[in-house]
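Counting in our numbering, the sequence shown runs from 4 upward without gaps.
Do not rely on the hints blindly, as some may be mistaken.
[As the list claims (entries may be wrong)] For lysine-lysine, the following BS3-like pairs were computed, each having C-alpha atoms within a straight-line distance of at most 25 Å:
| id | residue 1 | residue 2 |
| --- | --- | --- |
| 1 | K154 | K71 |
| 2 | K92 | K78 |
| 3 | K71 | K49 |
| 4 | K92 | K138 |
| 5 | K102 | K138 |
| 6 | K59 | K49 |
| 7 | K100 | K64 |
| 8 | K154 | K63 |
| 9 | K74 | K9 |
| 10 | K9 | K78 |
| 11 | K59 | K78 |
| 12 | K87 | K138 |
| 13 | K64 | K154 |
| 14 | K87 | K100 |
| 15 | K154 | K92 |
| 16 | K74 | K92 |
| 17 | K102 | K87 |
| 18 | K78 | K102 |
| 19 | K100 | K138 |
| 20 | K78 | K138 |
| 21 | K102 | K74 |
| 22 | K64 | K92 |
| 23 | K102 | K92 |
Don't read these hints as lab results, they were simulated from the structure.
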Amino acid sequence: MGPDGKQLGIMDTREALRLAQEMDLDLVLVGPNADPPVARIMDYSKWRYEQQMAEKEARKKAKRTEVKSIKFRVKIDEHDYQTKLGHIKRFLQEGHKVKVTIMFRGREMAHPELGERILNRVAEDLKDLAVVEMKPEMLGRDMNMLLAPVKVSA
Numbered sequence: 004m005g006p007d008g009k010q011l012g013i014m015d016t017r018e019a020l021r022l023a024q025e026m027d028l029d030l031v032l033v034g035p036n037a038d039p040p041v042a043r044i045m046d047y048s049k050w051r052y053e054q055q056m057a058e059k060e061a062r063k064k065a066k067r068t069e070v071k072s073i074k075f076r077v078k079i080d081e082h083d084y085q086t087k088l089g090h091i092k093r094f095l096q097e098g099h100k101v102k103v104t105i106m107f108r109g110r111e112m113a114h115p116e117l118g119e120r121i122l123n124r125v126a127e128d129l130k131d132l133a134v135v136e137m138k139p140e141m142l143g144r145d146m147n148m149l150l151a152p153v154k155v156s157a
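With the sequences and hints as input, model every part of the structure.
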């Protein structure tokens, strides 16, 4: 194939190399498994540069997800709960995962069911926006749950 994409027909390798050198371009093998093998006359360094730029642009456009963290206490008041719930909603709508943590202090450690109740309430309040990726689980003095945004079917 020529630099403009037109078929030049079946030709000897030496002849194709000579043609490429006359045009001050490279002969690149694009279809080695074809019968006969397909080669293209092109500026290889320019093509490679364009490929790298396209990959860079694709990486730039790729969505990066972050794990955001929100901490609750066992004795959280209703208004504080609603405020933190609003933050979680915003993070989920932006496409981030959210780690919800209940922090226990002192005697609160004797009642992990209170923390689990709060985490279950969060999951229930956000069931239309999020799926529970990691169920509530005790880790030292904290109880954690991981929420992931619901995939919107287009």
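Verification of the supplied hints:
1. For the proposed pair K154 and K71, the alpha carbon gap of about 18 Å is at most 25 Å, so the pair holds.
2. Proposed proximity of K92 and K78 is supported: the alpha carbons are some 21 Å apart, at most 25 Å.
3. With a CA separation close to 41 Å, the supplied pair K71 and K49 exceeds the 25 Å bound.
4. In summary, the hint linking K92 to K138 is supported, as the alpha carbons are separated by about 18 Å, within the 25 Å threshold.
5. The suggested pairing of K102 with K138 holds, with an alpha-carbon distance near 11 Å, which does not exceed 25 Å.
6. Between K59 and K49, the direct Cα distance comes to roughly 15 Å. Compliance with the 25 Å bound is thereby established for this hinted pair.
7. Between K100 and K64 the alpha-carbon distance is near 19 Å, which keeps this suggested pair within the 25 Å criterion.
8. Only pairs whose Cα atoms come within 25 Å are accepted, and K154 paired with K63 is accepted, the gap being roughly 21 Å.
9. With a C-alpha separation of about 63 Å, the suggested pairing of K74 with K9 is violated against the 25 Å cut-off.
10. Annotation: proposed proximity of K9 to K78 is violated, straight-line Cα distance about 74 Å (limit 25 Å).
11. Restraint check: the Cα-Cα separation between K59 and K78 comes to about 48 Å, which exceeds 25 Å; the hinted pair is violated.
12. With a C-alpha separation of about 19 Å, the suggested pairing of K87 with K138 holds against the 25 Å cut-off.
13. About 18 Å separates the Cα atoms of K64 and K154, which keeps this hinted pair within 25 Å; it holds.
14. For a cut-off of 25 Å, the pair hint linking K87 to K100 stands: about 15 Å separates their Cα positions.
15. Between the alpha carbons of K154 and K92 the distance comes to roughly 14 Å, so the proposed pair stays at or under 25 Å and holds.
16. Our distance criterion of 25 Å between C-alpha atoms is met by K74 and K92, whose separation comes to about 14 Å.
17. Distance check on the hinted pair: K102 and K87 sit about 12 Å apart at the alpha-carbon level, within 25 Å; holds.
18. For the hint linking K78 to K102, the alpha-carbon distance of about 19 Å falls within 25 Å, and the restraint holds.
19. Distance restraint check for K100 and K138: the Cα-Cα separation of roughly 14 Å lies within the 25 Å cut-off, and the hinted pair is therefore satisfied.
20. At most 25 Å may separate the alpha-carbon atoms for a hinted pair to count; K78 and K138 meet this at roughly 21 Å.
21. The hinted pair formed by K102 and K74 meets the criterion: a straight-line CA distance of about 8 Å does not exceed 25 Å.
22. A C-alpha spacing of about 23 Å is found between K64 and K92, which places the hinted pair at or below 25 Å, so the restraint holds.
23. A hinted pair counts as satisfied when its Cα atoms are at most 25 Å apart, and K102 with K92 qualifies at roughly 12 Å.
Taken one by one, the earlier hints fail for this structure at numbers 3, 9, 10 and 11, listed in ascending order.
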